[in-house]
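If you read the protein sequences in the order shown, they are chains A and B. Going letter by letter, the first sequence gives residues -10 to 220 in our numbering. Going letter by letter, the second sequence gives residues 15 to 205 in our numbering.
A couple of the hints might just be wrong.
[Said to hold, decoys possible] Okay, derived cross-link-like pairs now, BS3-like style, lysine-lysine, Cα gap no bigger than 27 angstroms in a straight line: (1) 73(A) - 16(B); (2) 62(B) - 79(A); (3) 79(A) - 16(B); (4) 19(B) - 105(A); (5) 19(A) - 131(B); (6) 73(A) - 62(B); (7) 62(B) - 131(B); (8) 62(B) - 16(B); (9) 19(A) - 73(A).
[As the list claims (entries may be wrong)] Per label pair, the in silico range of CB-to-CB distance: (10) 32(B) - 42(A): 46 to 54 angstroms; (11) 4(A) - 93(B): 39 to 47 angstroms; (12) 32(B) - 12(A): 15 to 23 angstroms; (13) 43(A) - 68(B): 21 to 29 angstroms; (14) 129(B) - 43(A): 43 to 51 angstroms.
For the record, the hints were derived by calculation from the structure and aren't laboratory data. The C-beta atom is built at its ideal place from N, Cα and C for all residues, glycine as well.
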Amino acid sequence: MMKEALQSSGYFGLILSIFLFLLAVRLKAKFRVAILNPLLVSTIMVIAVLVIFQIPYEDYKASANLLSYLLTPATVCLAIPMYKQLRLLKDNLVAVLAAITAGTLCSILSILIMGKLFGLSVEHIATLLPKSITTAIGMGVSEEAGGIVTLTVAAIIITGILGNMIAELVFQLFHIDHPIARGLALGTSAHAVGTAKALELGEIEGAMGSISICVAGILTVVLVPLVMNIA
Amino acid sequence: MKYVKEIMWIIAFTFLGELLNTLLPLPVPAGVYGMILLLIALVTGIVKLPEVEGAGNFLLDTMTMMFIPAAVGIMSAIDILLPVLLPYLVIIVVSTVLVMIVTGLTATAILRRSESKEDQAAEDAELSLEPHETFGIGRRTLSPNGEIDGANGYREILHEKEVQRHASQAEANASDAAQMTSAEAERKEKA
């Protein structure tokens, strides 16, 4: 009875997601450890609630869809930090393009080499290759290369959450202190989820993350078919 | 009605992006098309920054949360993910960390090289500093962190100077504003 009321509600998934996200943000603020990443923790808590109360994912998705729906306009709005930092982008264009290219090549080569080492099939390598680019581009790349699109989406999201989670630690360990370098590193390694983190760090970081989504996405689209010929 | 216009612009560019995404045969998502179009519109002045900034910053501020439904969606792929979970996780973790380091360090190296060209300018600027502002030491000075760092130390000092100037300016503005409101209050009282 209660369960049916929840499932028929248009806002149940929305309030569940927002409430648990806020709770996760509080937890992170209190304990200040990277593993308590708000996106990771709130995702796990939502899954736990769905499993415990046996609510099918489709029902949750239908009532939380507004959040996914807002992702496209939010991505459009990444033009705002880019516009504000346009001078900085132009002045450092060489560094920006070189860093994103190096990162994208590193992503493709490391997946190819480790995939071979683990003895993964060509299908699984194609699935993983677009893991560092934004979902909408990555799905197309995976399909074109003969990957399993559902798994690509999972890999992209795991990559995003991971990048969001470990960025500050990596920056500290490797003395990546410059806001430009931080934004590029987040956007190139962890696409839009990384860029959301970059925006939390600062506007310069956010602008650099945004351009990384575009450039790394385009480079991956071009490079993956070439690499798949060798693989 | 400020937000109505802002939302109108943002949704308009989202829609345009979607349109391009369906019409053009390129693998570019609607959001990225929209982002590029909005950037062009801002640069050319078709859209002014204050006309999108309020609603835009709201969307950017809440962006992290928008990934939750997609992330929860992994649970529906768990059956095909579990058999390959271990190699997938190892590859994703190692590759993501590597990409982050390589991108960050490449950018840092190039930025440092182009900044060393600016050092000459910073050294020149040093001449405009008062002696106490360079901690009383000559050309090779201690940076505020205590490490010996020529041009960078000076640059930091210059930056601090700039920040102080901005702060005092902001203070002046604030006291102006305070005076204004107290004057307004007086006027109201008289009325």
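Against the structure, the hints come out as follows:
Only pairs whose Cα atoms come within 27 angstroms are accepted, and residue 73(A) paired with residue 16(B) is accepted, the gap being roughly 21 angstroms. Only pairs whose Cα atoms come within 27 angstroms are accepted, and residue 62(B) paired with residue 79(A) is accepted, the gap being roughly 20 angstroms. As the CA atoms of residue 79(A) and residue 16(B) are separated by approximately 31 angstroms, the hinted pair breaks the 27 angstroms bound. With a C-alpha separation of about 53 angstroms, the suggested pair residue 19(B) and residue 105(A) falls outside the 27 angstroms cut-off, and the hint is violated.
Note on residue 19(A) and residue 131(B): the hinted pairing is violated, with a Cα-Cα distance of about 43 angstroms set against a maximum of 27 angstroms. For the suggested pair residue 73(A) and residue 62(B), the alpha carbons sit about 12 angstroms apart, so the restraint of at most 27 angstroms is met. Distance restraint check for residue 62(B) and residue 131(B): the Cα-Cα separation of roughly 35 angstroms exceeds the 27 angstroms cut-off, and the hinted pair is therefore not satisfied. Under the criterion of a C-alpha separation no larger than 27 angstroms, the hint pairing residue 62(B) with residue 16(B) is consistent with the structure, at around 13 angstroms.
For the hint linking residue 19(A) to residue 73(A), the alpha-carbon distance of about 33 angstroms lies beyond 27 angstroms, and the restraint is violated. Our hint of 46 to 54 angstroms for residue 32(B) and residue 42(A) is violated, since their Cβ atoms are close to 35 angstroms apart. Against the hinted window of 39 to 47 angstroms, the Cβ-Cβ separation of residue 4(A) and residue 93(B) comes to about 29 angstroms, which falls outside the hint. For the pair residue 32(B) and residue 12(A), the supplied restraint of 15 to 23 angstroms is violated, since their beta-carbon distance comes to about 34 angstroms.
Restraint check, residue 43(A) to residue 68(B): a C-beta distance of roughly 41 angstroms breaks the suggested window 21 to 29 angstroms. Checked against the given bound of 43 to 51 angstroms, the beta carbons of residue 129(B) and residue 43(A), roughly 58 angstroms apart, lie outside it.
In terms of the numbered hints stated before, the structure departs from hints 3, 4, 5, 7, 9, 10, 11, 12, 13, 14, listed from lowest to highest.
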